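In order, the protein sequences belong to chains A and B. Using the numbering used here, you'd call the opening residue of the first sequence number 1099 and step up by one each time. Using the numbering used here, you'd call the opening residue of the second sequence number 1099 and step up by one each time.
Hints listed in this document are in silico derivations from the structure and should not be mistaken for laboratory results. Where hints are given, some of them may not hold.
Claimed, not checked - Across the chosen pairs, the derived CB separations fall in these ranges:
id: 1; chain 1: B; residue 1: A1447; chain 2: A; residue 2: G1319; range: 46 to 54 Å
id: 2; chain 1: B; residue 1: P1355; chain 2: A; residue 2: E1128; range: 52 to 60 Å
id: 3; chain 1: A; residue 1: G1558; chain 2: B; residue 2: Q1198; range: 56 to 64 Å
id: 4; chain 1: A; residue 1: I1512; chain 2: B; residue 2: P1355; range: 20 to 28 Å
id: 5; chain 1: B; residue 1: G1206; chain 2: A; residue 2: S1506; range: 38 to 46 Å
id: 6; chain 1: A; residue 1: D1456; chain 2: B; residue 2: E1140; range: 30 to 38 Å
id: 7; chain 1: B; residue 1: L1626; chain 2: A; residue 2: D1456; range: 55 to 63 Å
id: 8; chain 1: A; residue 1: L1626; chain 2: B; residue 2: A1342; range: 43 to 51 Å
id: 9; chain 1: B; residue 1: A1381; chain 2: A; residue 2: R1232; range: 29 to 37 Å
id: 10; chain 1: A; residue 1: I1184; chain 2: B; residue 2: T1628; range: 34 to 42 Å
Claimed, not checked - Stretch by stretch, here's where chain A covers chain B in the computed footprint (C-beta under 8 Å, at least three residues):
id: 11; segment: 1132-1141
id: 12; segment: 1238-1245
These numbers come from a predicted model, not from an experiment. Note that beta-carbon positions come from the ideal geometry of N, C-alpha and C, so glycine has one too.
Protein chains: 2
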Amino acid sequence: MTLTGHSLIAGQPLVGDGKTTFAFNPATNEQLHPAYSLITEEQLTTATSAAAAAYPSFSTLDPETHAAFLDAIADNIEAIGEELIIRAGQETGLPAARLQGERARTTGQLRLFANVVRQGDFRGVRIDPALPDRAPLPRADIRQRQIPLGPVAVFGASNFPLAFSTAGGDTASALAAGCPVVFKAHNAHPGTGELVGRAVVKAVKDFRLHPGVFSLVYGPGASIGQALVADPNIKAVGFTGSQAAGIALMRTAASRPEPIPVYAEMSSLNPVFVFEGALNGSAEDIDALATQYVTAVTGSSGQLCTSPGLLFAPAGEAGDRLAAAVGRAVSACAGQTMLTEGIAGSWNAGAAALGSADGVTVVGKGTTGPTENAPAPTIFGTPVRDFVSNHVLHQEIFGAASLVIRYSSTADLIEAVNRLEGQLTATLQLTEADYPTAAPLIPALEQKVGRIIVNGWPTGVEGGHAMVHGGPFPATSDSRTTSVGTLAISRFLRPVAYQNLPPELLPAPLQDDNPWHLNRRINGEQQLATTYV
Amino acid sequence: MTLTGHSLIAGQPLVGDGKTTFAFNPATNEQLHPAYSLITEEQLTTATSAAAAAYPSFSTLDPETHAAFLDAIADNIEAIGEELIIRAGQETGLPAARLQGERARTTGQLRLFANVVRQGDFRGVRIDPALPDRAPLPRADIRQRQIPLGPVAVFGASNFPLAFSTAGGDTASALAAGCPVVFKAHNAHPGTGELVGRAVVKAVKDFRLHPGVFSLVYGPGASIGQALVADPNIKAVGFTGSQAAGIALMRTAASRPEPIPVYAEMSSLNPVFVFEGALNGSAEDIDALATQYVTAVTGSSGQLCTSPGLLFAPAGEAGDRLAAAVGRAVSACAGQTMLTEGIAGSWNAGAAALGSADGVTVVGKGTTGPTENAPAPTIFGTPVRDFVSNHVLHQEIFGAASLVIRYSSTADLIEAVNRLEGQLTATLQLTEADYPTAAPLIPALEQKVGRIIVNGWPTGVEGGHAMVHGGPFPATSDSRTTSVGTLAISRFLRPVAYQNLPPELLPAPLQDDNPWHLNRRINGEQQLATTYV
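So that you can see chain A by itself, here it is in the shape it has in the complex (with noise of 0.2 Å):
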């Protein structure tokens, strides 16, 4: 496919008004074409007006057609087939292998969602039989369901230019719910945003859909992100990136004279606790645990929402063994192309800020790789008292740094979750024995995070039914969610009650006879459909 540096405004190509932008090979900062023409605040307007028009006809689909489109998407994206994969490499830097994973996790994600389509438990369907009887009142028949809040404005990412991007997680759960979206793609890989739009207008177009369901926007970043949520004809708003970025479209959205929901996820320090029996092993067993701890570190040039950026290690002996089997571990790394010379740039001032901070040391320090803007993977080393007072050593240093901390009592385990801000994760490395000193973690990460992992590491984030991807402030802007996994389709519904409705004007998935064959709380008690369309 020719690349055309257009916009895709309700199916139609769009040139904008504004600059024009080029992606750049963060590798080798050579400039890529073609050149990417800015559309205006007016042009936007286009999106956001078709994506409200698409609304009463995307926000009905009957179930089937609805998968089959989502599916469809998943077919076409792989269709694309490696011109995909080489684009996003020369925009991003990510090697082929993590590109491969990450489109696989993309249609993966598409197709979890089609199938939640078909199964239908997100239309959240309640009945109250009336009790025309009942003393002292009658009872009316009430009925409740779910509906697709209207149009959602997505952001691409920087870091996942397939997976949270153009066609990526809150894209799937937006337009699985029945949303609209008019996607703004990341300016640093508008290529790859181009050729995923390009597939999911082919599937509005063969399914013939309205033409609004969907629309990529090229913009200047900031200002147009701005003005898309606070078009009034927006309701909710995806957004995966910085805390900077991320706070400023709340206050825009709580500012609006119609307030609407923003799922932005921030920003995380993804802790590690490293327990005493996790060390009672063999220095194989210690070096291992090393190993996996700088693999997740450095993974992606640890530009992953979930990379490790804390170790807390135990005072003493065993904690000596595995901070001295980290530096090696981390030595022996060489630096990877970050996504862009500014995401490098801000590597390297906060590495700078943190080595200088009071009681940090650096415990190993790999190579500068081969290539332009790919800085030495560093890890640094504190005690815990130093952590618990410093505030700077909270910060997040987007990329391959972590900061390992030295504690001696579950108390200063506590203690420093009791300072940490809101987190995607945590994660605990331990053995049975100490499960008794582990326990009382617990009931503290809950408070401070969205998912709670063991003997594993937090990197490569499973999209079930199950997964958390989400926590706390300012981890995320809204806890009560997720932007992973099933549970990310109830960010764009809201329930909608009908009393006393007679069937000729009861939505489908409401009629008593359950033409959807959709699982229904009757009375308060769930009741499962007999057979699933």
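Mind docking chain B on chain A? Use the hints.
Just chain B now, kept in the frame of chain A:
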């Protein structure tokens, strides 16, 4: 019980260090004893700290104790007896029958939530079992549950001294979720608040719960409310009241270092749409419809969240007959005491402004009541053109006033609906012949309201499983939920995932042997527990 005039902080009476205030009997404008001492912001932190301290034990209470605690609150409220009805009547001017009904609703809600706690679906258990042999990567065991957000601030409503106040729907759903509550009493009915607050405190003591589970504070309205919402120990807010106050709380909550959700139920016009077929009956039928409408407008002096403020009637002869019947019905109504002198004053100002707006006439006016603060119920009229073009006619007048709008076509109705702000309810009066005309209105209404009623009235909100008492802004601050009915519990919960936790560290609701007998979603499929506790 002798009223003390003190706040109840974590089970202990506290004399406020601020000014004192008295309740007034709005029927006589006479002061009611005792004086209530108002707390300061410093004193408030005692309550919020105690709530935070109560969270660990209360949030993990076993379901049977938890449910029995809610039942006990209901029992204790009933045990107060007539004293509660008398004091509430003195403080609000509401008649005894209404207050008895409201008490039954309050205790009914508590017992409903007790059963929700026993049933347990709100815990949202999802289990994706490990797939160790999956290729290319194994899947870890991942489990999800909903946990309580933390201490909740609840504000008493002026118009429901029982059902939306001390132990009303917000308190009941927050306590059911496992969240401690800090309740800010409404200064118009402090004695009612104290009586109910002591009933809650008795249950806390009898069940030997942490005393911080519930506190009731009296404070200077706006300032202590803002301080409560800004308090870092508070994690969510429940509010029913004016749009100005609700929006002020929303802004405070959004600008905290850690923003928190606000569930504010604020204002609603509750439009009623009368179709031609509903007027094809006899004169008696039309009179009956008019009387029902006027009863809904004037009941509780029109001070219900769901009192209908708009009635769309067709132009032409049938609509003329309805308007005339409405005029006759309201003319026969005497004013009833409003909740406070201030509310009666606002009603007078609002009714005067509406009456003097261009194109607005008086359809009918009742008589001033024999007590103080009992203005004459008034129903105004206007053509749909004026309604659509003049936003002044969209202002809620809290009290016994309503506006009859004459329309000519379904297009008129859809245009009017599209101009409406968010509402709690919309009501259709129709017959089978009207279904084709009414059907296109329903999708438009779904975008504007939380509940659609056919051939009933919006007042008398049923507290069940399917009810939605909510709607788009500014009806509420958050359309994704409801403040009445069992779904209200979801406002105070957030998901947490547990990856690869050993059975010894898993919370009870997530354990394989399902000790709490919960319905669970396994690999995305809902599975019913065979028995409930």
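Per the hint of 46 to 54 Å, is the separation of the Cβ atoms of B:A1447 and A:G1319 within bounds?
The hinted range 46 to 54 Å holds for B:A1447 and A:G1319, with Cβ atoms some 48 Å apart.
Lying within 38 to 46 Å: is that true of the beta-carbon distance B:G1206 to A:S1506?
54 Å, violated
Given the hint of 20 to 28 Å, is the C-beta distance from A:I1512 to B:P1355 inside that range or not?
The hint (20 to 28 Å, Cβ to Cβ) holds, given that A:I1512 and B:P1355 are roughly 22 Å apart.
Just to be sure I understand the hint, the distance between the Cβ atoms of A:D1456 and B:E1140 should be within 30 to 38 Å; is that true here?
The hint (30 to 38 Å, Cβ to Cβ) holds, given that A:D1456 and B:E1140 are roughly 34 Å apart.
For the range 52 to 60 Å, tell me whether the beta carbons of B:P1355 and A:E1128 fit it or not.
Given about 42 Å between the Cβ atoms, the range is violated.
Could you tell me whether the CB distance from B:L1626 to A:D1456 stays inside 55 to 63 Å?
58 Å, holds
Using the C-beta atoms of B:A1381 and A:R1232, is the stated range 29 to 37 Å upheld?
32 Å, holds
Please test the hint of 43 to 51 Å on the beta carbon pair from A:L1626 and B:A1342.
For A:L1626 and B:A1342 the Cβ distance comes to about 46 Å; the hint holds.
Satisfaction of the hinted span 56 to 64 Å by the C-beta atoms belonging to A:G1558 and B:Q1198:
Holds, at about 59 Å.
Counting residues of the segment 1238-1245 of chain B that have a beta-carbon nearer than 8 Å to any beta-carbon of chain A, does the count reach 3?
Coverage by chain A holds for the segment 1238-1245 of chain B (5 residues, Cβ < 8 Å).
Coverage criterion applied to the segment 1132-1141 of chain B (partner chain A; beta-carbon cut 8 Å; 3 residues):
Violated: only 0 residues of the segment 1132-1141 of chain B have a Cβ under 8 Å from chain A.
Check the following: the C-beta atoms of A:I1184 and B:T1628 are separated by a distance inside 34 to 42 Å.
Once the Cβ atoms are compared, 54 Å apart, the range 34 to 42 Å for B:T1628 and A:I1184 is violated.
In summary, the numbered hints that this structure violates are 2, 5, 10, 11.
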